[in-house]
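Protein chains in written order, with the working numbering: chain A, 1 to 457; chain B, 1 to 457.
Hints are computed from structural coordinates only; laboratory data are not their basis.
Treat the hints with care, as some may be off.
Each pair may be met inside one copy or between any two copies, as identical chains are not told apart.
What the hints assert, rightly or not - When the alpha-carbon atoms are kept at most 20 Å apart in a straight line, the in silico EDC-like pairs for lysine to aspartate or glutamate are as follows: (1) K60 - D45; (2) K213 - D426; (3) K410 - E108; (4) K274 - D253; (5) K410 - D271; (6) K274 - D356; (7) K213 - D100; (8) K60 - D356.
Protein chains: 2
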Amino acid sequence: MTLDAVLDHIDANLPQAVDRLMGLLRIPSISTDPAYAADCDRAADWLVAELASLGFEAAKHVTPGHPMVVAHGGEGGPHLLFYGHYDVQPVDPLDLWHRDPFDPAVEETPKGPVIRARGASDDKGQLMTFVEAMRAWKAVTGRLPGRLTVFLEGEEESGSPSLVPFLRAHAADLRADLAVICDTGLFEDTVPAIITMLRGLAKVEFTLQGPDKDLHSGMYGGAAINPLRVMTRILGGLHDDQGRVTVPGFYDDVDELPEPIRAQWQGLAFDHAKFLGDVGLSVPAGEADRTPLEMIWSRPTAEINGLWGGYTGAGFKTVLPAQAHAKVSFRLVSRQDPEKILASFQNWIRAQLPADCSVTFHDPEGSPAGHMQIDHPAFDLARAALTDEWGRAAAYVGCGGSIPIAGWFKTELGMDALLIGFGRDDDRIHSPNEKYDVACFHKGIRSWARFLARIHG
Amino acid sequence: MTLDAVLDHIDANLPQAVDRLMGLLRIPSISTDPAYAADCDRAADWLVAELASLGFEAAKHVTPGHPMVVAHGGEGGPHLLFYGHYDVQPVDPLDLWHRDPFDPAVEETPKGPVIRARGASDDKGQLMTFVEAMRAWKAVTGRLPGRLTVFLEGEEESGSPSLVPFLRAHAADLRADLAVICDTGLFEDTVPAIITMLRGLAKVEFTLQGPDKDLHSGMYGGAAINPLRVMTRILGGLHDDQGRVTVPGFYDDVDELPEPIRAQWQGLAFDHAKFLGDVGLSVPAGEADRTPLEMIWSRPTAEINGLWGGYTGAGFKTVLPAQAHAKVSFRLVSRQDPEKILASFQNWIRAQLPADCSVTFHDPEGSPAGHMQIDHPAFDLARAALTDEWGRAAAYVGCGGSIPIAGWFKTELGMDALLIGFGRDDDRIHSPNEKYDVACFHKGIRSWARFLARIHG
Chain A
1 MTLDAVLDHI DANLPQAVDR LMGLLRIPSI STDPAYAADC DRAADWLVAE
51 LASLGFEAAK HVTPGHPMVV AHGGEGGPHL LFYGHYDVQP VDPLDLWHRD
101 PFDPAVEETP KGPVIRARGA SDDKGQLMTF VEAMRAWKAV TGRLPGRLTV
151 FLEGEEESGS PSLVPFLRAH AADLRADLAV ICDTGLFEDT VPAIITMLRG
201 LAKVEFTLQG PDKDLHSGMY GGAAINPLRV MTRILGGLHD DQGRVTVPGF
251 YDDVDELPEP IRAQWQGLAF DHAKFLGDVG LSVPAGEADR TPLEMIWSRP
301 TAEINGLWGG YTGAGFKTVL PAQAHAKVSF RLVSRQDPEK ILASFQNWIR
351 AQLPADCSVT FHDPEGSPAG HMQIDHPAFD LARAALTDEW GRAAAYVGCG
401 GSIPIAGWFK TELGMDALLI GFGRDDDRIH SPNEKYDVAC FHKGIRSWAR
451 FLARIHG
Chain B
1 MTLDAVLDHI DANLPQAVDR LMGLLRIPSI STDPAYAADC DRAADWLVAE
51 LASLGFEAAK HVTPGHPMVV AHGGEGGPHL LFYGHYDVQP VDPLDLWHRD
101 PFDPAVEETP KGPVIRARGA SDDKGQLMTF VEAMRAWKAV TGRLPGRLTV
151 FLEGEEESGS PSLVPFLRAH AADLRADLAV ICDTGLFEDT VPAIITMLRG
201 LAKVEFTLQG PDKDLHSGMY GGAAINPLRV MTRILGGLHD DQGRVTVPGF
251 YDDVDELPEP IRAQWQGLAF DHAKFLGDVG LSVPAGEADR TPLEMIWSRP
301 TAEINGLWGG YTGAGFKTVL PAQAHAKVSF RLVSRQDPEK ILASFQNWIR
351 AQLPADCSVT FHDPEGSPAG HMQIDHPAFD LARAALTDEW GRAAAYVGCG
401 GSIPIAGWFK TELGMDALLI GFGRDDDRIH SPNEKYDVAC FHKGIRSWAR
451 FLARIHG
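Produce the entire structure from the sequences given, and follow the hints as far as they go.
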């Protein structure tokens with residue numbers, strides 16, 4: 001009965017919930033760019049105020065990076081810690097957006113209304129599904145449904161440098177019976193999903209230096225080494241002609257998928273053609289002997305995320321540049337060790353440098369892949385709640401992205417994590433014109449209300 | 001006697017000549033960037049006024065691009081056409097300049113005073129050597145030494161798109177007995193040089209397109225093709241492990257150096273170690289079986305002048321980009337045809353594209369290599385004039401750069417060209433902190449005064 005009233009309240013107050021989300025979306029909390037540090041701080045303040053208004057004891061904690069928001073509230077039942085992040089990705093290339101990324105609006109589309117803005121899906125819209133579910137409980141019952149901690153960070157899109165030290169320093173304050181993380185997606189547009197495997201991530205930027213200054217290619221071309229030539233030769237060999245990564249030892253700690261999981265994945269109605277077709281592609285680009293689902297969920301990758309050097313402006317400049325730069329990242333699976341992979345990659349580059357060319361590496365960092373404890377009782381409760389809301393059994397799936405927080409909750413606080421989210425594949429997260437479907441936001445809020453009823457009911 | 005008076009006048013008025021050059025250097029006439037079009041126009045006006053003050057009938061001619069300056073003056077003797085260019089290269093990366101590139105100053109250095117500014121050497125300082133020589137003749141004798149045409153363009157650093165149509169439309173106005181081009185360098189710091197071979201240039205920009213939007217490497221990494229992976233694989237194969245360019249047919253029209261030229265070059269005291277050491281290098285990077293002098297004067301090259309794609313800002317963004325871009329140019333020699341080379345390069349790229357990746361080429365253009373007529377009588381006169389000034393016999397040398405105007409003067413106007421310049425290898429043309437030695441400027445003016453005395457005397 002209470003749950004029905006909570007769900008009705010959610011339905012009746014959806015417009016106000018969308019308006020609140022837009023308030024958060026207007027804050028350009030880009031964590032990777034120091035120019036937006038004050039905006040990250042403002043987003044944290046905004047969330048502290050929201051949580052305090054729900055009866056939480058909420059605080060903003062200063063870190064060497066962007067602040068952490070921690071809020072405690074409610075009593076009884078299993079103690080849940082809810083995690084999300086208020087920071088967002090950069091917005092370039094800005095000219096591909098059809099509206100200001102920080103001036104959100106509800107837009108009508110053939111698939112229904114969407115909230116358009118940077119962070120609409122990743123992760124501001126998603127974290128607000130949980131906040132709005134709690135708000136509805138509080139409005140209907142006068143109290144929070146059970147003991148809850150909310151923990152929101154502002155560095156997820158920039159490697160979370162302050163996170164592990166913060167977890168260690170505030171372990172007693174943060175430890176709960178289960179962590180709940182809302183930063184993932186549906187399996188298909190209308191099929192809810194619970195993540196059971198997460199890929200890890202290792203990344204590094206590096207600079208190749210040839211001549212000690214930019215040169216005129218007429219005067220020096222042919223005799224002086226061009227670092228872009230070295231860069232393309234080395235990174236052009238990062239994959240072999242079967243799509244396998246060539247860094248020595250890269251696959252040493254990669255396990256084959258257990259047969260039951262492989263069988264379950266084969267049973268999922270994953271539309272490979274549509275997955276690639278949605279982004280203008282048709283041929284899977286990964287290892288030749290793997291399915292696309294394996295490529296994105298259970299196989300490691302190497303990607304060049306950025307590469308630049310020489311003259312990149314309008315017109316032409318026949319320069320022979322002094323430097324070439326690249327940002328390379330690896331998605332990791334199984335037991336792959338980020339430090340070992342990064343060390344092997346750096347050695348692999350050094351071994352290929354010609355005389356007269358040197359390399360400098362910047363900020364190597366990484367986190368391993370994660371595997372969830374699906375025998376934790378909350379998994380069955382969550383699955384049941386999701387099935388109630390969506391009318392479809394929730395899928396246990398892998399996740400190609402890296403959400404290192406799940407691993408850190410386990411290693412630092414001994415907490416298992418449950419990853420549920422309501423994003424869609426076409427949300428364009430990290431890309432221009434990011435959006436979050438109003439339907440996902442709405443049913444996401446309802447899903448959390450049902451989940452809270454099952455956990456704390 | 002007259003020549004001595006002219007040389008004395010030059011010596012006595014050097015500070016004023018430097019001041020005038022600084023006036024021209026203050027105009028940021030970057031031709032490749034449309035934002036500086038008004039500045040290019042202003043530079044043309046400045047030169048018209050200077051030439052008019054010397055008694056020339058000078059005019060600025062509007063073109064679809066930047067204006068041409070044409071000035072006629074003097075009477076008698078062989079009719080010389082003097083060519084230079086008033087446009088300059090872009091200045092990026094601006095943070096590597098130790099002063100504003102358009103706020104010129106004379107700086108003291110261990111090798112003597114230099115004029116520091118974009119264009120100080122290429123080509124404003126050089127073109128002003130000729131103007132100042134004429135000024136001295138006019139000041140001492142009351143008239144120009146003989147019949148002279150001055151022809152200055154503003155598009156040399158951006159491919160001279162208006163030049164050939166202008167030569168055709170104004171052929172009668174521009175045809176002279178000999179073209180004199182001042183846009184090259186000394187052989188060594190104190191050895192004058194006359195260019196007898198010039199490399200040609202072919203260049204093209206292109207874009208590889210993979211997905212139709214930027215993707216999240218967590219969601220799509222491994223399954224979607226990354227155009228930076230394709231770009232590095234293709235351009236990483238542009239040279240083989242012997243340093244040879246792999247584009248099919250690239251060497252078909254490359255002739256071996258005639259034995260007498262090779263012998264003469266071997267007699268030149270070219271310090272390979274110093275040439276590379278000046279820019280922080282030690283190992284010649286070109287074809288393994290060629291000398292550095294061949295690499296830069298008589299062998300063709302392929303260079304990546306610019307390459308970019310993905311996230312290139314501060315921090316990290318795990319994007320899988322939709323596009324990758326490159327600017328590639330070729331230095332051409334012998335009978336290499338720019339159109340044939342560019343077509344072969346484009347076909348070579350297309351043939352290597354995977355499914356799901358397309359290419360668009362932008363603005364392919366080029367000009368062939370040039371070979372001077374050293375049996376023209378002016379060559380001996382020029383050599384004698386240079387030897388008088390520098391106390392060293394002028395070297396007949398090749399030039400790694402591309403000065404297509406020499407070829408166009410021949411094909412469009414039937415005019416031979418004499419290329420003499422006073423730049424030094426360490427002038428940093430096209431690079432940050434470009435400079436022109438005051439000594440080069442001074443002796444360059446004196447060299448032209450001596451040359452005019454020999455030609456018109």
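Hint by hint, here is what the structure shows:
no. : hint        : in the structure
1   : K60 - D45   : within (7 Å within a copy, 62 Å between copies)
2   : K213 - D426 : between (44 Å within a copy, 11 Å between copies)
3   : K410 - E108 : neither (41 Å within a copy, 64 Å between copies)
4   : K274 - D253 : neither (32 Å within a copy, 49 Å between copies)
5   : K410 - D271 : neither (33 Å within a copy, 64 Å between copies)
6   : K274 - D356 : between (47 Å within a copy, 14 Å between copies)
7   : K213 - D100 : between (39 Å within a copy, 18 Å between copies)
8   : K60 - D356  : neither (50 Å within a copy, 47 Å between copies)
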